[in-house]
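Engineer: Below are the chains, spelled out letter by letter.
There are 2 protein chains.
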Amino acid sequence: MNMQPKTLLQKENNFSVWYNEILKRAEILDVRYPVKGVYVWYPYGYKLRNLIYAILRSLMDKEHEETLFPLLIPKEELMKEREHIKGFEEEVFWVTKGGSTELDIPLALRPTSETAIYPVFKVWIRSHRDLPLRIYQIVNTFRYETRHTRPLIRLREITSFKEAHTAHANRADAEEQVKKAVALYKSFFDELAIPYVITRRPEWDKFPGAEYSIAFDTLMPDGKAMQIATIHLLGESFARTFDIKYEDKDGSLKYVNQTCYGISERCVAAVIAVHGDDHGLILPPGVAPIQVVIVPIVYSSGGKNGEVEKVCFAMYETLKKAGIRVFFDNSGDRPGAKYYRWEMKGVPLRIEIGPRDMRSNSCEFVRRDDGSRTQVPLVDVVSAVKRTLNEIQSCIAKRAKETFFANIYKSEEEPSTKAAHGIVSIFLCKSERCGREAEERFGISVLGEAIYEDEDARGRKNEGTCMICSRKAKRVYVARAY
Amino acid sequence: MNMQPKTLLQKENNFSVWYNEILKRAEILDVRYPVKGVYVWYPYGYKLRNLIYAILRSLMDKEHEETLFPLLIPKEELMKEREHIKGFEEEVFWVTKGGSTELDIPLALRPTSETAIYPVFKVWIRSHRDLPLRIYQIVNTFRYETRHTRPLIRLREITSFKEAHTAHANRADAEEQVKKAVALYKSFFDELAIPYVITRRPEWDKFPGAEYSIAFDTLMPDGKAMQIATIHLLGESFARTFDIKYEDKDGSLKYVNQTCYGISERCVAAVIAVHGDDHGLILPPGVAPIQVVIVPIVYSSGGKNGEVEKVCFAMYETLKKAGIRVFFDNSGDRPGAKYYRWEMKGVPLRIEIGPRDMRSNSCEFVRRDDGSRTQVPLVDVVSAVKRTLNEIQSCIAKRAKETFFANIYKSEEEPSTKAAHGIVSIFLCKSERCGREAEERFGISVLGEAIYEDEDARGRKNEGTCMICSRKAKRVYVARAY
Numbered sequence: 001m002n003m004q005p006k007t008l009l010q011k012e013n014n015f016s017v018w019y020n021e022i023l024k025r026a027e028i029l030d031v032r033y034p035v036k037g038v039y040v041w042y043p044y045g046y047k048l049r050n051l052i053y054a055i056l057r058s059l060m061d062k063e064h065e066e067t068l069f070p071l072l073i074p075k076e077e078l079m080k081e082r083e084h085i086k087g088f089e090e091e092v093f094w095v096t097k098g099g100s101t102e103l104d105i106p107l108a109l110r111p112t113s114e115t116a117i118y119p120v121f122k123v124w125i126r127s128h129r130d131l132p133l134r135i136y137q138i139v140n141t142f143r144y145e146t147r148h149t150r151p152l153i154r155l156r157e158i159t160s161f162k163e164a165h166t167a168h169a170n171r172a173d174a175e176e177q178v179k180k181a182v183a184l185y186k187s188f189f190d191e192l193a194i195p196y197v198i199t200r201r202p203e204w205d206k207f208p209g210a211e212y213s214i215a216f217d218t219l220m221p222d223g224k225a226m227q228i229a230t231i232h233l234l235g236e237s238f239a240r241t242f243d244i245k246y247e248d249k250d251g252s253l254k255y256v257n258q259t260c261y262g263i264s265e266r267c268v269a270a271v272i273a274v275h276g277d278d279h280g281l282i283l284p285p286g287v288a289p290i291q292v293v294i295v296p297i298v299y300s301s302g303g304k305n306g307e308v309e310k311v312c313f314a315m316y317e318t319l320k321k322a323g324i325r326v327f328f329d330n331s332g333d334r335p336g337a338k339y340y341r342w343e344m345k346g347v348p349l350r351i352e353i354g355p356r357d358m359r360s361n362s363c364e365f366v367r368r369d370d371g372s373r374t375q376v377p378l379v380d381v382v383s384a385v386k387r388t389l390n391e392i393q394s395c396i397a398k399r400a401k402e403t404f405f406a407n408i409y410k411s412e413e414e415p416s417t418k419a420a421h422g423i424v425s426i427f428l429c430k431s432e433r434c435g436r437e438a439e440e441r442f443g444i445s446v447l448g449e450a451i452y453e454d455e456d457a458r459g460r461k462n463e464g465t466c467m468i469c470s471r472k473a474k475r476v477y478v479a480r481a482y
Numbered sequence: 001m002n003m004q005p006k007t008l009l010q011k012e013n014n015f016s017v018w019y020n021e022i023l024k025r026a027e028i029l030d031v032r033y034p035v036k037g038v039y040v041w042y043p044y045g046y047k048l049r050n051l052i053y054a055i056l057r058s059l060m061d062k063e064h065e066e067t068l069f070p071l072l073i074p075k076e077e078l079m080k081e082r083e084h085i086k087g088f089e090e091e092v093f094w095v096t097k098g099g100s101t102e103l104d105i106p107l108a109l110r111p112t113s114e115t116a117i118y119p120v121f122k123v124w125i126r127s128h129r130d131l132p133l134r135i136y137q138i139v140n141t142f143r144y145e146t147r148h149t150r151p152l153i154r155l156r157e158i159t160s161f162k163e164a165h166t167a168h169a170n171r172a173d174a175e176e177q178v179k180k181a182v183a184l185y186k187s188f189f190d191e192l193a194i195p196y197v198i199t200r201r202p203e204w205d206k207f208p209g210a211e212y213s214i215a216f217d218t219l220m221p222d223g224k225a226m227q228i229a230t231i232h233l234l235g236e237s238f239a240r241t242f243d244i245k246y247e248d249k250d251g252s253l254k255y256v257n258q259t260c261y262g263i264s265e266r267c268v269a270a271v272i273a274v275h276g277d278d279h280g281l282i283l284p285p286g287v288a289p290i291q292v293v294i295v296p297i298v299y300s301s302g303g304k305n306g307e308v309e310k311v312c313f314a315m316y317e318t319l320k321k322a323g324i325r326v327f328f329d330n331s332g333d334r335p336g337a338k339y340y341r342w343e344m345k346g347v348p349l350r351i352e353i354g355p356r357d358m359r360s361n362s363c364e365f366v367r368r369d370d371g372s373r374t375q376v377p378l379v380d381v382v383s384a385v386k387r388t389l390n391e392i393q394s395c396i397a398k399r400a401k402e403t404f405f406a407n408i409y410k411s412e413e414e415p416s417t418k419a420a421h422g423i424v425s426i427f428l429c430k431s432e433r434c435g436r437e438a439e440e441r442f443g444i445s446v447l448g449e450a451i452y453e454d455e456d457a458r459g460r461k462n463e464g465t466c467m468i469c470s471r472k473a474k475r476v477y478v479a480r481a482y
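Note that the protein sequences, when read in sequence, are chains A and B. Following my numbering, the numbering of the first sequence begins with 1 at its first residue and continues without gaps. Following my numbering, the numbering of the second sequence begins with 1 at its first residue and continues without gaps.
Only chain A is shown next, with the shape it has when bound in the complex (with noise of 0.2 Å):
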C-alpha cells in the first residue's frame, strides 16, 4: 500500500477525477472489487468513517437506544405497504436460492427496514407507557441501482446507513420528533463543518409511505447539490398497514403515530468533497484519524539526528497523553515525501523538528487548511497543538459556509445558468406538472421549499408566481443533483 508522489490533482475543473483519485491516493476506498457498485473500505477511511459516525453515535444515544434487525425481509413483509413498495420494487436484490435449494418465499436485502421493524414494534408497544419508543440501527442496507454508481454517493451496497424509527401517541409528539431530529442533524454537520440547506421535499418526491420528507442537502465542488440526510413523518400509515396499536391511559386503542430519519456513508463524501483541495483531503480535526503528523527533518545519516529523533518521540507521548491522535513519520522517506502522504491524507497539522529548532527549543507547525507556518517553543506544544486544532476547525467551517452561501442564488428568470454552479431559488407552484416540467426544461431537480432558514435568507421576498404556470407559488430550491 505504498504510494508514489504524483502530479497534483484539480479539484476545481474536473471534480469526478479529484474525488475518484482521493478515495485512491488518500486511502479511503478501494473500488477494485469485482461487484459493481461495492466498494473496499481501507483501514484509514474506516477510521475517518468511524469518527464520523461515533460523533453521530453520541448524539443519537442522548434520546434513542441501537438495536439491530435482520438483513433479510421476507417477500410478503416488505409489500405489505402499498405505496411503499411501489418506491422500491425495482430496486430490491432478491435471496431465492439457499444451497442448491429453492427458498419457499424470496426474501429481500433490506433497501431500508421499515418493513423489517414495523412488525416487531407491533409487538414491542402495548401501552401508552412504552411510547415514546426511539431506536436506531447503523447497518448494511442494498439497493439494485441501474444508473452510474458512485463510491460513498451512490451505492449497490450502502455500508453505513444509519436509520433512526420512532413512535408517538400521537401526530404532535412525531411532529415534535421531526424537529428534534432537525436539530439533531443540523448539530452533526456543523461539527462535520458542512454546511446545508434545508428544505421540505415537494409532495410528489416524498419517501413512498411518508406524509411529508425534510432533507438536508450540501453542494458538491461540481455545483451540484447532494442530498446528506433526510427525516420523513409517517404518521399512521404504517401503524395501520402493521397493526401497531398502544392501549392509551383511558382504556381505548390508538394507532402510534411514526418518523424515520436517516443518514448514510454519503456524509463522508461530504467531508471529503467539499473541504479537500489540489493536495488531498482537509479532514476536521474533530474527525481526523491523525490530528497531528510529527516529522524530524533529517536530510543525512549524520550526527544530531539521534537527538531530534529523541525529541520528536518525546514530544509524540507527551501529545498522546494528552488525547490527541498523533503520528510520529519515523520512517525512511524524505521528508518531501511525507509532507506529500500526510497533506494527501488531510492531516490538520504537521510539526516538523530540525536541527535548527533544537537549538531554538522549538518546532515548526505547519497548517493543512492554509499551509501556513508558526514557530513553536517545544514547553508550549500541547496548549498551542489544541489552540490550532481548534482554530482549524473554525477555519475550515467558516471557509466551506462561505463558499457555499456565495452559490446559493436567487433567480426570478430561468435559473439554468446560476444551476451551473449551485442552489438556485426560483418560483414553483406545488403541482407536479410543473415541477416535472420544470425540471426537464431546466436539466434541474426540484429540492423544495426551504424551511428551518438561517436569517441570511429572512426578508427575502418568498411570494410570487410559478415560472410555469404562472399560478401563485413560493420559493423552492432547485440544483443539478447528485
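Be careful, since some hints might not be right.
No copy is singled out in the list; a pair is fine if it fits within one copy or between any two copies.
What the hints assert, rightly or not - Cross-link-like lysine to any residue pairs, in silico, SDA-like; alpha carbons within 20 Å at most:
hint, residue 1, residue 2
1, Lys-62, Asp-329
2, Lys-80, Asp-357
3, Lys-338, Gly-223
4, Lys-75, Lys-97
5, Lys-75, Pro-106
6, Lys-75, Thr-96
7, Lys-410, Val-379
8, Lys-430, Gly-251
9, Lys-410, Leu-103
10, Lys-80, Glu-65
11, Lys-310, Pro-34
12, Lys-224, Asp-104
13, Lys-36, Lys-75
14, Lys-97, Glu-76
15, Lys-75, Leu-103
16, Lys-75, Thr-101
17, Lys-75, Val-182
18, Lys-310, Asp-329
19, Lys-320, Arg-171
20, Lys-24, Cys-429
21, Lys-75, Glu-102
22, Lys-36, Val-123
23, Lys-401, Asp-333
24, Lys-310, Ile-468
25, Lys-321, Ser-383
Please keep in mind that the hints were generated in silico from the structure rather than gathered at the bench. Just so you know, these numbers come straight off a predicted model, no measurement behind them.
Use these hints to put chain B onto chain A, whose structure you have.
Structural biologist: Just chain B, lined up with the frame of chain A:
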C-alpha cells in the same frame, strides 16, 4: 416492553428452556422475527453486545487495522478455492435477482470472507514492506442452516462475525501470528470470565482450505461443548489460488503465508449461559450495560421519600462522574418488582437506600453473584463500588473456572457417561475412520488434541492406544457439541 414477575427458571434442569426465557425476559434478543434463524437485538442486548465487542476491538486494534469488505461475493470468486467451497457450497444464500432482472452472475452472501478479501490482498500486497498485513472486520455473515437454529449460537444471519485475516512473508511468521491470535483470544475470554480448552482440530475436521485449525471450546450448562473461537493457519493455499505474491528483498517473487481467525456472537451466548442462574443473567462488571442500580426503598408516599430520592440522585451523579455505568430506578414500581427486573438483567451490584439507611448515613450493597448484603457508609460509596465490582468480576471468573474444570474428565474407557456432563479426554488415533467411528459409537464430537494446556493438565499420561483401532494414539478431547 414491560416485564412481569414470573416463576423462577431452572437452569440446571432444562437449560434450553432457561436460555430462551432469559433471552426474552432480560431483553437480549427477540425471536419473533418471521424468518428462520434470524433474530432482533433488543437495545439492552445490543448494549451488552457492544461492550463485549469493545473489548475485542481494543485487543485487535493493537496490531490489526479495521476494514470493511463487501457482503456480496461473485459466484466465480467464491468457487475458486476448491477445498474451501466444498465446505460451504450447501450453506450459501444466493442473490439471483435485482428488481425484476435476473443477475448475470449470482452473488453469494458471504458465509465467511476469504474469497472477498484475498482478491484485494492481491492488489494491496506488492513488496515485503507491505507485510505483515493484518486486518479485521466485524460483519454480518450468512449460512443457510438446515439444522435446528438457536439464537446467538446457530444462525442464518450471524450479525457480529469478527474475522481477522493476515498475510506474512513466510511460514514462521504466520505460525507466530497463530500463537499471537491464541494469546489475544485468551485475553478476550479471560476478560469475559469464560473458561475454555484449546485444541487442534482433527485433520478431517479443519477449516476448508486451512493447513490446520485451532479452536477454543467452552462448556454449556447442559454439558455440551460450544466452539467459541477458531484460528487457522492457511499457509500458501489461498495465496496460490488468488495469486497473492510479494517481492522479497532479493527481488524474487514469493507467495504470502496466511492466517485467519474468527469470533462470532457465540461469545455473547457464552457470557449468558456460563454465568447466569435461576434468577436471570449474571454479567461480569466489565461488560454489564448497567454495573450498578440504585433502588430507593420507599413504600408509602410519606414524608421522608423526597429526601431518600435526593440522596439516591446525588449518589447516581457521583457514580456516573466516577465512570461507573449506573442507573437510578425511580420508577413507580415496588422494590420487589425492581429487584426482579435488575436481577434478571444481571446488574452486578444493587444499592438500596431507605429511611433507616439515611439515619445512619449509609446504604446497602446487594451483590448479584452471591446475594450477599453489606452496609456501606455513604462517604465511601465510590471506592466501595469499584472494589466490589472488582471482587464480583474475580468471583464470577473463579466460579466459572471451578465448574468448568470439575467437568473435564479423563477416561480410559468409553466416554459416553462422562460426556453427558462435560468434556472427556480419551485416546484416539489421528485417522478419520476411528474419529468418525468414535463419534457415532459414543454420541460425541471429537474436539481435538489439547494444546496450550494449563498447569493442571501437565503430568497427564498423554500417550496410549486408540480406543477404536488400538494403534498408538494421543489424548484428544471429545464432548457432545453444539
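Engineer: Look at each hint and say if it fits the structure.
Structural biologist: Verification of the supplied hints:
no.: 1; hint: Lys-62 to Asp-329; result: between (38 Å within a copy, 18 Å between copies)
no.: 2; hint: Lys-80 to Asp-357; result: neither (70 Å within a copy, 57 Å between copies)
no.: 3; hint: Lys-338 to Gly-223; result: neither (32 Å within a copy, 58 Å between copies)
no.: 4; hint: Lys-75 to Lys-97; result: both (14 Å within a copy, 13 Å between copies)
no.: 5; hint: Lys-75 to Pro-106; result: both (6 Å within a copy, 19 Å between copies)
no.: 6; hint: Lys-75 to Thr-96; result: both (10 Å within a copy, 14 Å between copies)
no.: 7; hint: Lys-410 to Val-379; result: neither (52 Å within a copy, 65 Å between copies)
no.: 8; hint: Lys-430 to Gly-251; result: neither (41 Å within a copy, 68 Å between copies)
no.: 9; hint: Lys-410 to Leu-103; result: neither (55 Å within a copy, 46 Å between copies)
no.: 10; hint: Lys-80 to Glu-65; result: neither (26 Å within a copy, 42 Å between copies)
no.: 11; hint: Lys-310 to Pro-34; result: neither (46 Å within a copy, 62 Å between copies)
no.: 12; hint: Lys-224 to Asp-104; result: neither (44 Å within a copy, 33 Å between copies)
no.: 13; hint: Lys-36 to Lys-75; result: between (24 Å within a copy, 14 Å between copies)
no.: 14; hint: Lys-97 to Glu-76; result: both (17 Å within a copy, 16 Å between copies)
no.: 15; hint: Lys-75 to Leu-103; result: both (11 Å within a copy, 18 Å between copies)
no.: 16; hint: Lys-75 to Thr-101; result: both (17 Å within a copy, 16 Å between copies)
no.: 17; hint: Lys-75 to Val-182; result: neither (32 Å within a copy, 43 Å between copies)
no.: 18; hint: Lys-310 to Asp-329; result: within (13 Å within a copy, 53 Å between copies)
no.: 19; hint: Lys-320 to Arg-171; result: neither (49 Å within a copy, 35 Å between copies)
no.: 20; hint: Lys-24 to Cys-429; result: neither (44 Å within a copy, 52 Å between copies)
no.: 21; hint: Lys-75 to Glu-102; result: both (14 Å within a copy, 17 Å between copies)
no.: 22; hint: Lys-36 to Val-123; result: between (38 Å within a copy, 18 Å between copies)
no.: 23; hint: Lys-401 to Asp-333; result: neither (37 Å within a copy, 51 Å between copies)
no.: 24; hint: Lys-310 to Ile-468; result: neither (71 Å within a copy, 65 Å between copies)
no.: 25; hint: Lys-321 to Ser-383; result: within (13 Å within a copy, 25 Å between copies)
Hint check: violations occur at hints 2, 3, 7, 8, 9, 10, 11, 12, 17, 19, 20, 23, 24; the rest are consistent with the structure.
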